[in-house]
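In order, the protein sequences belong to chains A and B. The first sequence begins at 8 in the numbering used here and counts up one residue at a time. The second sequence begins at 19 in the numbering used here and counts up one residue at a time.
Simulated from the structure, these hints should not be mistaken for laboratory data. Don't take each hint at face value.
Distance condition first, Cα-Cα at most 27 Å in a straight line; then the derived DSSO-like pairs of lysine-lysine [what the hints assert, rightly or not]: (1) Lys75/B to Lys31/B; (2) Lys31/B to Lys8/A; (3) Lys75/A to Lys31/B; (4) Lys49/A to Lys19/B; (5) Lys49/A to Lys75/B.
For each label pair, taking beta carbons as the anchor points, the in silico distance ranges come out as [said to hold, decoys possible]: (6) Ser69/B to Gln58/A: 18 to 28 Å; (7) Arg85/B to Tyr83/A: 40 to 50 Å; (8) Gly48/A to Leu131/B: 35 to 45 Å; (9) Ala86/A to Arg48/B: 16 to 26 Å; (10) Gln58/A to Glu70/B: 38 to 48 Å; (11) Leu131/B to Gln61/A: 25 to 35 Å; (12) Asn77/B to Asn29/A: 34 to 44 Å; (13) Ser19/A to Arg85/B: 38 to 48 Å; (14) Lys19/B to Arg68/A: 39 to 49 Å; (15) Gly48/A to Lys75/B: 35 to 45 Å; (16) Asp46/A to Arg73/B: 22 to 32 Å; (17) Thr119/B to Tyr83/A: 11 to 21 Å.
Computed, partial: chain A to chain B, Cβ under 8 Å [stated by the list, open to error]: (18) Pro47; (19) Lys49; (20) Ser53; (21) Leu56; (22) Tyr83; (23) Asn104; (24) Lys105; (25) Leu113; (26) Gln117.
Since the structure is predicted, the reported quantities are computational estimates derived from the model, not experimental observations. C-beta atoms are modelled at their ideal positions from N, C-alpha and C, and glycine is treated no differently.
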Amino acid sequence: KQEVTQIPAALSVPEGENLVLNCSFTDSAIYNLQWFRQDPGKGLTSLLLIQSSQREQTSGRLNASLDKSSGRSTLYIAASQPGDSATYLCAVSGATNKLIFGTGTLLAVQP
Amino acid sequence: KAGVTQTPRYLIKTRGQQVTLSCSPISGHRSVSWYQQTPGQGLQFLFEYFSETQRNKGNFPGRFSGRQFSNSRSEMNVSTLELGDSALYLCASSQSPPQETQYFGPGTRLLVL
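Could you put the whole structure together from the sequences, leaning on the hints where they help?
Rendered as C-alpha cells:
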C-alpha cells in the first residue's frame with residue numbers, strides 16, 4: 008500500500024531564504040508526482056508535475072526533483088516571499104488516476 | 019479557460035439528510051475525481067469518473083455515490099449524513115489520466131450538525 012510522508016510538518020523561515028520541502032513514498036511504481044499548494048480554506052493549486060521518467064521540473068522560483076528509485080522528491084523554493092506562505096502537498100499516482108497525498112508541510116514566511 | 023467550478027461552496031445539513039454536490043471540469047477534460055479533506059484524515063480519494071463511467075473507487079461506504087454526465091459535469095451524493103461527513107469536498111479534472119496534471123476546484127465545505 009502506497010504511503011506518502013512529508014517532512015517537516017511545519018516550517019517557519021525569514022523572507023528571502025531558500026528552502027527545501029521533502030516528500031517520500033514507499034512504492035516506487037508511480038506514474039507521476041505532483042506538488043500542490045493550499046491556502047487556508049481553499050482548494051489546491053497545482054505547482055509542478057513530474058513524470059516518472061523525469062528527474063526534475065522548474066517553474067519560476069520553484070524546482071522539484073524526483074528520485075523514483077529511492078522514493079523521494081524535493082521542492083526547492085528560492086528567495087521565499089510572504090506570499091509563499093501556505094500548506095504544500097505532494098501526491099503520487101500509479102496506474103490509476105487516484106492521487107495519494109502526503110500530510111503536507113505548513114510553510115510560514117516571515118516578513 | 020475557466021477553471022474547475024464547484025457548487026455550492028458551503029452547505030449546512032443535519033444528520034440523516036442527504037446532499038448533492040456539483041463539479042464542472044475544465045472544458046475538454048473528461049476525467050473528474052472527488053476527494054474528501056478532513057483535519058484528521060487529510061485528503062482521501064472518493065472516486066473517479068471518465069466518460070460517464072466510474073473507473074476507480076476509494077474506501078468509502080456506499081452512502082457516497084457519484085455520476086458523470088455527457089458534458090463531463092459530475093455530481094457527488096452523500097445519503098444519510100453523519101457528523102463525520104463534515105469536510106471539504108474537492109473535485110479535480112484532467113485530460114488524459116494518469117499522465118496529466120490534475121486541476122482542483124475551490125471545494126464545497128459541508129458541515130453536518
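Results of checking the hints against the structure:
Between the alpha carbons of Lys75/B and Lys31/B the distance comes to roughly 25 Å, so the proposed pair stays at or under 27 Å and holds. The suggested pairing of Lys31/B with Lys8/A is violated, with an alpha-carbon distance near 34 Å, which exceeds 27 Å. Distance hint between Lys75/A and Lys31/B is unfulfilled; the C-alpha atoms sit about 44 Å from each other, more than 27 Å. Restraint check for Lys49/A and Lys19/B: satisfied, since their Cα atoms lie roughly 20 Å apart, inside the 27 Å limit.
With a C-alpha separation of about 24 Å, the suggested pair Lys49/A and Lys75/B falls inside the 27 Å cut-off, and the hint holds. The supplied range of 18 to 28 Å is met by Ser69/B and Gln58/A, whose beta-carbon atoms lie about 23 Å from each other. Judged by the Cβ atoms, the range 40 to 50 Å given for Arg85/B and Tyr83/A holds: they are separated by roughly 41 Å. Between Gly48/A and Leu131/B the beta carbon distance is about 19 Å. The supplied range of 35 to 45 Å is therefore violated.
Our hint of 16 to 26 Å for Ala86/A and Arg48/B is violated, since their Cβ atoms are close to 39 Å apart. For the hinted restraint 38 to 48 Å between Gln58/A and Glu70/B, the CB-CB distance of approximately 27 Å leaves it violated. As the Cβ distance of Leu131/B to Gln61/A is approximately 47 Å, the hint placing it in 25 to 35 Å is violated. Between Asn77/B and Asn29/A the beta carbon distance is about 27 Å. The supplied range of 34 to 44 Å is therefore violated.
The hint said 38 to 48 Å for the Cβ distance between Ser19/A and Arg85/B, and at roughly 44 Å that hint holds. The given range of 39 to 49 Å is broken by Lys19/B and Arg68/A, whose C-beta atoms sit roughly 25 Å from each other. For the pair Gly48/A and Lys75/B, the supplied restraint of 35 to 45 Å is violated, since their beta-carbon distance comes to about 27 Å. For Asp46/A paired with Arg73/B, a C-beta distance near 30 Å keeps the hint of 22 to 32 Å intact.
Taking the beta carbon of each, Thr119/B and Tyr83/A are about 19 Å apart, inside 11 to 21 Å as hinted. For Pro47/A, the interface hint is violated, the least distance from its beta-carbon to any beta-carbon of chain B being 11 Å, above 8 Å. Taken as an interface hint, Lys49/A checks out: its beta carbon lies about 6 Å from the nearest beta carbon of chain B, inside 8 Å. Taking 8 Å as the C-beta cut-off, the interface hint given for Ser53/A holds, the closest approach to chain B being about 5 Å.
The criterion of a C-beta within 8 Å of any C-beta in chain B is met by Leu56/A, whose closest approach is roughly 5 Å, and the hint holds. A cut of 8 Å between beta carbons decides the hint on Tyr83/A: the least distance to chain B is about 19 Å, and the hint is violated. Against a cut-off of 8 Å between C-beta atoms, the interface hint on Asn104/A holds, since the closest Cβ of chain B lies about 3 Å away. Taking 8 Å as the C-beta contact cut-off toward chain B, the hint placing Lys105/A at the interface holds, the least distance being around 5 Å.
About 12 Å separates the beta-carbon of Leu113/A from the nearest beta-carbon of chain B, more than 8 Å, and the hint is not met. At a threshold of 8 Å, the smallest CB-CB gap from Gln117/A to chain B is about 24 Å, leaving the interface hint violated.
Checked against the numbered hints given earlier, this structure breaks hints 2, 3, 8, 9, 10, 11, 12, 14, 15, 18, 22, 25, 26; the rest are met.
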